[in-house]
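Asker: Below are the chains, spelled out letter by letter.
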Amino acid sequence: MSLGSRLVNVLRGARLNREIDEELEAHLVEAIAEGRDPVEARKALGSALRHRERSRDVRLVSWLESLRADTVYGWRQLKNNKVASAAAILSLALAMGASTSAFRLMDGLLLRPLPVAEPERIHVVAFEGAGADGKLMTYDSSSYPMFLQMRSAVKEQAELIAVSYEDRVDLTYGSDQEMEKEYLQYVSGWMFSSFGLHPALGRLLSESDDLKPGANPYAVISYDYWTRRFGQDPEVIGRSFRVGDTGYQIVGVVEKGFTGTETGTLTSMFVPTMMKNPRTLASSNHFWMRTFVQLKPGVQVAPVQEKLRAVFRGIQEERAKTFVGMPKQRLEQFFSEKLIVEPAAAGRSNLQRDYKRALTILGAVVALVLLMACANVANLMTAQAAARAREMALRVSIGAGRWRLVQLILVESAMRAFLAGIAGGLFAWWAAPFVVSKINPPDDPAQLLLPADWRILGFGLALALLVTLLFGLAPALRASAVKPVSALKGGEDPHSRRRLIHALIAAQVTFCFLVLFVAGLFVATFDRLSHQPTGFSADRVLNLETVTVVAQPPAYWGQVAEQLRSVPGVESVAIVGWPLMSGESWVNFISIHGAPANEVFSDFLSVSPGWIETMKIPLVDGRDFRREETYPPAAIVNQAFANQFFDGADPVGKTIETVDGASLTRVGFQIVGFVQDARSRDNMRLPIRPTVYVPFRAIDASGALQSKNRGTFVVRTSTANPLALASLLRQEVPRVRPEFRVNRIRAQVEINLAHALRERLLATLALFFAIVALLLAGVGLYGVLHYSVLQRRREIGIRMAVGAQAGSVVRLVSVEVFTMVLLGAVAGLALGMVSVRYIEALFFQVQATDLTMLAFPSLSILGVALLAALRPVMHAVRIDPASMLRAE
Amino acid sequence: MAKVDSLQGSMDLLVLKILSRRPGLHGYAIMSAIQVISGEVLRVEEGSLYPALHRMEEAGWIRAEWVTKETGRRARLYELTAAGKKQLGAEESRWQAVTLAVNRVLREA
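First to last, the sequence lines map onto chains A and B. First residue of the first sequence: 1, per the numbering used here; consecutive thereafter. First residue of the second sequence: 1, per the numbering used here; consecutive thereafter.
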């Protein structure tokens, strides 16, 4: 017996053996009942074991033998049609590879459970409410006092765990000049024991590390960081590092695999929440962490959520008492916020929030492309089956069972699918990490773990099986239904086969239309988003985000700016609180003439004199800040501000008021300048907000100048590539004042682009799949037309011999196929209109019903169809009736 | 794989024929029937009966079914399929042709 059959015997043999034994036993019982001697009867039957072997061989080996024969035969079939097989396998491989990549990404980001004990018990607290623009939105940040109240309220049912948002900190093991950037998270000390994690080295944090603010400056590092930074040196325990002015000591390494709960970033160090700045810890207005809920075994979510909601309502009411000057509508929105407890077995991150829908759509697009590839292969096989109808008929007439024919075709299909699956797997190996590398800006890439383990392998296998059935089953059943008599006579009804092919063509065009339609919408969205006017010039602008350990007076900041101005290649230098569109914001309500504030937020940004000119924001009226002016009271406002509060009139010389968040006192401003709108917020989809620019030089309530420990030097260079000056400028900053250190350098162009990264990724991938889909549709159409001309060449020859014109021949071969194309396009359009509603949220200034959005897929498909039809139709027209008739 | 034994040439034919007359027999009954009807001339080798039955089952000529008898013991009962009927026809005409040919040789040699 061959190795293969032995293997199958193991799988199938036990039941078979039992049945054979039972049958032989029954035989003996009958013999003895007839009065035969038991010993003689047993002897006559022969050794039971021998029987079993022979009987079983008969039943198993014939099946295995046929499988082997089919495989050999299938391989020969593939080799005989090298070009067609290669095309089919390659298109399938591409589609399967793309599907596997999409699954890898979805799995890595959304599905894969955290490597902790019983991840399904882990949930997260989120809040649902109306956002600034009135739309429903969800956020998941808590303040620490809120966390403590919630924790004690559900102590019996669940453990609550505080985990800060990932912080990319500068830390050093030595001097300030040797800073390293790492991800650090503040976590509840009891997180490790709750998650059932063990130390790989040293110890983990515990509850006792997390009781008194600032008391336990200990850090646990990840296995990955330990390997990457220290080469798994056991001496790492006890080493100390510094973040800002806080020193920490490393006490342990957490077990391999655990890299935090924020899927998409790998946390290097965990420190107790109590090490957070004490003011932040005590503040109920500071939302800096997520609250994870680990349900106790057997506890349901609903009652815990109910309890937490009651606590949350109480907290909201307490907070509302401290609000001064909050507009009524805001207050209502504030109270309508609802607490929800959501499953978080796969962790929780903003990356998940931002990419969930995008990935799902991408998955759907990829699935459509896969279906198209399957349809192509099915068509190819059906057409080939026509050529093989005689072979099938012969097989049936010499005694092959229907099932044997189905098996024959399915084995061939499976061989195609598995060959394609292997090639696709290689594609996915490369493609998934490539896509991840495009998710975030290059200097801070997303870190998504994409292990190629049994989950991915299982998906690949299931996909190959599914694909086999998708494109193999219809041809297989058709082959098995062959009627030997009519097939051998060569007169089988050709229409039934054509009907299947035509249905597949229509389906293919439908899918192709959908893919193109969605791709068009994404490309248009990216185009509109990246061409949104920003109101300032980003070219040649470099942002030097700078920090000082101890806050420095404004005059020193001015000295550094002066030094930078003297560097060759620098055109102008100014100071700003943070780079434009970097994601940071400072907002407040405005009150005019002592009236209550309305519900519109205004952006505030502190800038130095010369900043407006450096950013090339046009001044409409008034003037720039003067060197001696301070915040408060000087202010420059933008057009949106004038529109909102002064009906678009020139506001220069007017006064406005805000309520200062910290001191709750009203602050008055005098408007000295009026500029055109420039975008400061990072969300490109929202309009530019009313903006108030205030001087970087700030004074406190007593009139004393305030020192600052962070700010950004904005440098406009005269060289085309501003980054060429980056390292020189970085060294220049501490030259005048060694307290200053550049933390991060970013070109403004890069910051602007970062806000359309997701859209760019979606547009690029969608466009790629659109091209693949068009190609598949073209190849499919070409194949079908070619086949139909071949099949009908005798008929065409006769028609031409009796005087048919070229036009009618063209009509004859193409009218059916083009009807199918039209039908498919209409179906695609209808489906597109229905499905677009689910993805509207990702679009920007794009309407699905736009004529251009519909014209793009329609025209591309028509163009491809014409191109595909050209050769077969030419072939049909050129058929020589004389030679065709002679041949028959 | 299958060894040639005395009845190899006609075993299939006999089993199919018996089953076409009396569907639902178990192995022992098939064996007894062949012996009784042939007047004890033809003896089925018990050792080769079951492999033959299983081979024919695999070929789709006969199908088997487990039935529980009053005694509580299970028996495997065989019956002819449509393909088996066809096969029986083919085997019968082949047998007729062969015996005819053999007779002719015996007569005319």
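Everything labelled a hint here was simulated from the structure, so no lab data went into it. Computed from a predicted model, the values in this text were never measured in an experiment. Ideal Cβ placement from N, Cα and C applies to all residues, glycine included. Don't take every hint at face value.
[Claimed, not checked] Ranges between beta-carbon positions, derived for each pair:
no. : chain 1 : residue 1 : chain 2 : residue 2 : range
1   : B       : 82        : A       : 25        : 16 to 22 Å
2   : A       : 882       : B       : 97        : 46 to 52 Å
3   : A       : 18        : B       : 22        : 47 to 53 Å
4   : B       : 20        : A       : 25        : 26 to 32 Å
[Claimed, not checked] DSBU-like cross-link-like pairs, simulated, lysine-lysine; straight-line CA separation at most 35 Å:
no. : chain 1 : residue 1 : chain 2 : residue 2
5   : A       : 43        : A       : 82
6   : A       : 155       : A       : 43
7   : B       : 17        : A       : 43
8   : A       : 307       : A       : 155
9   : A       : 155       : A       : 321
10  : A       : 321       : B       : 85
11  : A       : 155       : A       : 438
12  : A       : 256       : A       : 212
13  : B       : 85        : A       : 43
Asker: Decide, hint by hint, whether the structure agrees.
Answerer: Taking the hints in turn, this is what the structure says about them:
{"no.": "1", "hint": "82(B) <-> 25(A): 16 to 22 Å", "in the structure": "31 Å, violated"}
{"no.": "2", "hint": "882(A) <-> 97(B): 46 to 52 Å", "in the structure": "50 Å, holds"}
{"no.": "3", "hint": "18(A) <-> 22(B): 47 to 53 Å", "in the structure": "27 Å, violated"}
{"no.": "4", "hint": "20(B) <-> 25(A): 26 to 32 Å", "in the structure": "27 Å, holds"}
{"no.": "5", "hint": "43(A) <-> 82(A)", "in the structure": "58 Å, violated"}
{"no.": "6", "hint": "155(A) <-> 43(A)", "in the structure": "76 Å, violated"}
{"no.": "7", "hint": "17(B) <-> 43(A)", "in the structure": "27 Å, holds"}
{"no.": "8", "hint": "307(A) <-> 155(A)", "in the structure": "11 Å, holds"}
{"no.": "9", "hint": "155(A) <-> 321(A)", "in the structure": "28 Å, holds"}
{"no.": "10", "hint": "321(A) <-> 85(B)", "in the structure": "93 Å, violated"}
{"no.": "11", "hint": "155(A) <-> 438(A)", "in the structure": "43 Å, violated"}
{"no.": "12", "hint": "256(A) <-> 212(A)", "in the structure": "29 Å, holds"}
{"no.": "13", "hint": "85(B) <-> 43(A)", "in the structure": "33 Å, holds"}
Hint compliance for this structure: hints 1, 3, 5, 6, 10 and 11 are broken, all remaining hints hold.
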